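Each chain is listed here by its residues.
There are 2 protein chains.
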Amino acid sequence: MSLQKPSLPRGTRDFGPGQVARRQYIIGIIRRTFERYGFAPLETPSFENLSTLTGKYGEEGDQLLYRVLNSGDFLSDVTPEDFSGGYRKVTPKVADKGLRYDLTVPFARYVVMNRHQLTLPFRRYQVQPVWRADRPSKGRYREFTQCDADVVGTDSLLCEAEIVLMIHEVMTALGVPYVLKLNHRGLLRALYQTLNDPAPETDLYVALDKLDKIGWDGVTQELTGRGFQPEAAAHLQALLTQATFTFTPQAMAAEGALRELRQTEAGATASAELGAVAEMLTDSGFGGWANVQLDLTLARGLSYYTGCIFEVLVPGGGVGSVSGGGRYANLTEAFGMPGLSGVGFSFGIDRLYDALEALNLFPADLDTLTQVLVVHFEEPATRAAALRTLAQVRAAGFSAELYPEPAKLKKQFAYADAKRVPHVVIIGPDELAAGTVKVKTLATGAEQTVAQADLLATLKEM
Amino acid sequence: MSLQKPSLPRGTRDFGPGQVARRQYIIGIIRRTFERYGFAPLETPSFENLSTLTGKYGEEGDQLLYRVLNSGDFLSDVTPEDFSGGYRKVTPKVADKGLRYDLTVPFARYVVMNRHQLTLPFRRYQVQPVWRADRPSKGRYREFTQCDADVVGTDSLLCEAEIVLMIHEVMTALGVPYVLKLNHRGLLRALYQTLNDPAPETDLYVALDKLDKIGWDGVTQELTGRGFQPEAAAHLQALLTQATFTFTPQAMAAEGALRELRQTEAGATASAELGAVAEMLTDSGFGGWANVQLDLTLARGLSYYTGCIFEVLVPGGGVGSVSGGGRYANLTEAFGMPGLSGVGFSFGIDRLYDALEALNLFPADLDTLTQVLVVHFEEPATRAAALRTLAQVRAAGFSAELYPEPAKLKKQFAYADAKRVPHVVIIGPDELAAGTVKVKTLATGAEQTVAQADLLATLKEM
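Read top to bottom, the protein sequences are chains C and D.
Take 1 as the starting number for the first sequence in our numbering and just add one per residue.
Take 1 as the starting number for the second sequence in our numbering and just add one per residue.
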């Protein structure tokens, strides 16, 4: 065994104590919200058969899948011809498992495998890491955590309304400013039909999705490059002079681009659906109207979604979208179970973390893990008293430690400082003889001496 | 994309809602106990560089490591000579990462990489899945979860005493009967020295470790087969006529095999250490003496441990040990940082789960996720009332759902039954007109009608 300087694989991270506490803080808020809305937890294995994963994420996704080398002699099925045929030919023979790439495909696989036991509609949430062999960069990791919630087996727009409610509750509980952007596949289709141009529909969405980054000049260039008539591009820009609307029942009924889009059947249906969602939010006493926008240029995941689409941004957070989702018509079709509609969304923990950190929104006390340090003195009688006290403090629910050795006081206090322990309890020979305890609060330097019997009450007061 | 019947990789499992709730119940108790003892959480990446993992788990462990295929053209460095040289030659060129095999090596790697920032002694806990390409069997999975707690940077026997306290607290909180077996490397060494036989020391431990399974005849045969004199084997058996002792300060001071083992230096030191642990437990008011045994035949992990050794069994649980650990002298030596002593232990969640299930010890209400189902009626006014009520019930902290569609009552109640929702809230046209709410408790069939304003108080009472 040779000595080595250890390192982490690129794109992965350790989470030390403070980071885990902050991540658990975010995950706890999301988890409790999901559960209050009746979503039940699901966990799936970290690796799946590659037959489950491949072909579900497009060609680019297939390349980003992490494959797990078969155990034992993984070359046993590889012929010299395979070998000279290159790695694409060899891959399926040396790896039959891959790491989870998202939480949606494993969920679909689970629903199909358990379809006879599941009660529909089925609401599940899932908080687990996923892995992608992407090029690492700021905010983009090879291992990151997703928090998904989906309802399958119902077309009810109540689910869409509840997604808006849950996003509002989570972002409000985190104290983070947000913008929730909404759109509907039917409005995009109506946009395409209104342009009345034979160029391919999806090319419109691809171009529109870039508006944020490239502006109208860029979108126009992109569209004409993809075969749209300059008139169509101009019509689009004129139509979308106002592309975002406050999402209230009143605004939904008002004039503007929406009025023109409602002339098509797709647009009329989509507009009615969004109106129904807004109405249910009103009945629910929704308090986040100011944060929600209908954005006709939002075109994410269009190959997949069939109804409402969601995206959540954090202004000033320095990250992309922290949440997104939408309705899909055919979650489980690839596994031979067509016609199962659903709607779902996902929070990205890592991006939420970065946004909260950038905006300095984490509560200050998340760093406090140990609440009480008991000082360790040399004399056996003081140690016995310390152990007795320690047991009492822990039994009362406090997180507490006895410094493991009778080290110099300075060293024990430095340890408490470094661990940000708020209170140090001292039972030296004098205190022991007097039946007292000294409690020192490190942040202020304040010291108080109390009767041993009053220690727990004193700590609870603090 | 061809249709396919999906399946799970062998040795892996989905955890549905009830199972996740039960696993979280166990993990929650362990986590809260670790935190009350001042252990801080750490999370490390799911894959590590293979240079970090290989050579740490013995030859068998290396074979059980899951390797992650390099991305892109993984064959680019493989020559035809490598290929004809077989898979062992090819492995290091096609995979440079491996899945986490345990939580100890990543912890050691973390300590070394962060040694300049860490305050010693460092107490960390870690709850994460690990992966082993083992042959799956009952209770043995390829993905399973470990819960480790370690203290590094101190020799204090307080850590050993606190491990006993934590095991007792966790097993007591879970309500599961247990036997905690203790031994000490020094007592095993003393045993070997007392036999005064030139056969290799580790062969004694290997044989002794099998006593449970093969009995004394088997151990004698194993020892003589490994070169021990028949007299040494007979001496061993005589010495260990009584091999287990109640672990109290009194029993530690008493006669028997311990007296003979204390004649050697290793035995005297070990015995004094165990005595000190027992004394600290006494001072801590330890209440689990009846569960703790000193077992001179316990010889687990001997290549690794250097002081106390722990193992926890659940009588009648139908599983092997559910927890184990010990003191080690050189956690980080393989990473170029010698002399860092520590002590740690681990709970196996999957085995604890199986034991609790076998003994029927899970609390009954873990299956309840949604506490209240609100019935969905056709009339718009009743839906508005339902949505308002739903928002209030959730704001009060209950987990609640509105059935997503105005389906037949029978269907809505069947859904509540299947999800084990305890209470169904009904606001039909009659109730709406009367300003009342009907609450039905499914377990008893009891129904009560209360004023709308009293609903939350009624639910809280239930």
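Worth flagging that the hints you see were computed from the coordinates, not collected in a lab.
For clarity, every value in this text was computed on a predicted model and none was experimentally measured.
Don't take each hint at face value.
[What the hints assert, rightly or not] Lysine-lysine pairs mimicking DSS-like chemistry, simulated, CA-CA at most 30 Å apart:
| # | chain 1 | residue 1 | chain 2 | residue 2 |
| --- | --- | --- | --- | --- |
| 1 | C | K5 | D | K89 |
| 2 | C | K408 | C | K460 |
| 3 | D | K411 | D | K440 |
| 4 | D | K89 | C | K93 |
| 5 | C | K89 | D | K210 |
| 6 | C | K460 | D | K5 |
| 7 | C | K56 | D | K93 |
| 8 | C | K93 | D | K5 |
| 9 | C | K89 | D | K89 |
| 10 | C | K93 | D | K411 |
| 11 | D | K440 | D | K210 |
[Claimed, not checked] Have a look at the derived ranges for each label pair, beta carbon to beta carbon:
| # | chain 1 | residue 1 | chain 2 | residue 2 | range |
| --- | --- | --- | --- | --- | --- |
| 12 | C | K5 | D | D417 | 28 to 36 Å |
| 13 | C | G435 | D | R226 | 57 to 65 Å |
| 14 | D | T282 | C | A407 | 49 to 57 Å |
| 15 | D | N114 | C | K460 | 49 to 57 Å |
| 16 | C | S7 | D | G86 | 41 to 49 Å |
| 17 | C | E59 | D | R140 | 55 to 63 Å |
| 18 | D | N114 | C | G445 | 50 to 58 Å |
| 19 | C | R226 | D | K138 | 54 to 62 Å |
Glycine included, every Cβ here is placed at the ideal spot set by N, Cα and C.
Hint by hint, here is what the structure shows:
| no. | hint | result |
| --- | --- | --- |
| 1 | C/K5 - D/K89 | 24 Å, holds |
| 2 | C/K408 - C/K460 | 28 Å, holds |
| 3 | D/K411 - D/K440 | 15 Å, holds |
| 4 | D/K89 - C/K93 | 17 Å, holds |
| 5 | C/K89 - D/K210 | 47 Å, violated |
| 6 | C/K460 - D/K5 | 58 Å, violated |
| 7 | C/K56 - D/K93 | 29 Å, holds |
| 8 | C/K93 - D/K5 | 20 Å, holds |
| 9 | C/K89 - D/K89 | 20 Å, holds |
| 10 | C/K93 - D/K411 | 48 Å, violated |
| 11 | D/K440 - D/K210 | 58 Å, violated |
| 12 | C/K5 - D/D417: 28 to 36 Å | 60 Å, violated |
| 13 | C/G435 - D/R226: 57 to 65 Å | 60 Å, holds |
| 14 | D/T282 - C/A407: 49 to 57 Å | 23 Å, violated |
| 15 | D/N114 - C/K460: 49 to 57 Å | 34 Å, violated |
| 16 | C/S7 - D/G86: 41 to 49 Å | 29 Å, violated |
| 17 | C/E59 - D/R140: 55 to 63 Å | 38 Å, violated |
| 18 | D/N114 - C/G445: 50 to 58 Å | 29 Å, violated |
| 19 | C/R226 - D/K138: 54 to 62 Å | 58 Å, holds |
The earlier numbered hints that this structure contradicts are 5, 6, 10, 11, 12, 14, 15, 16, 17 and 18.
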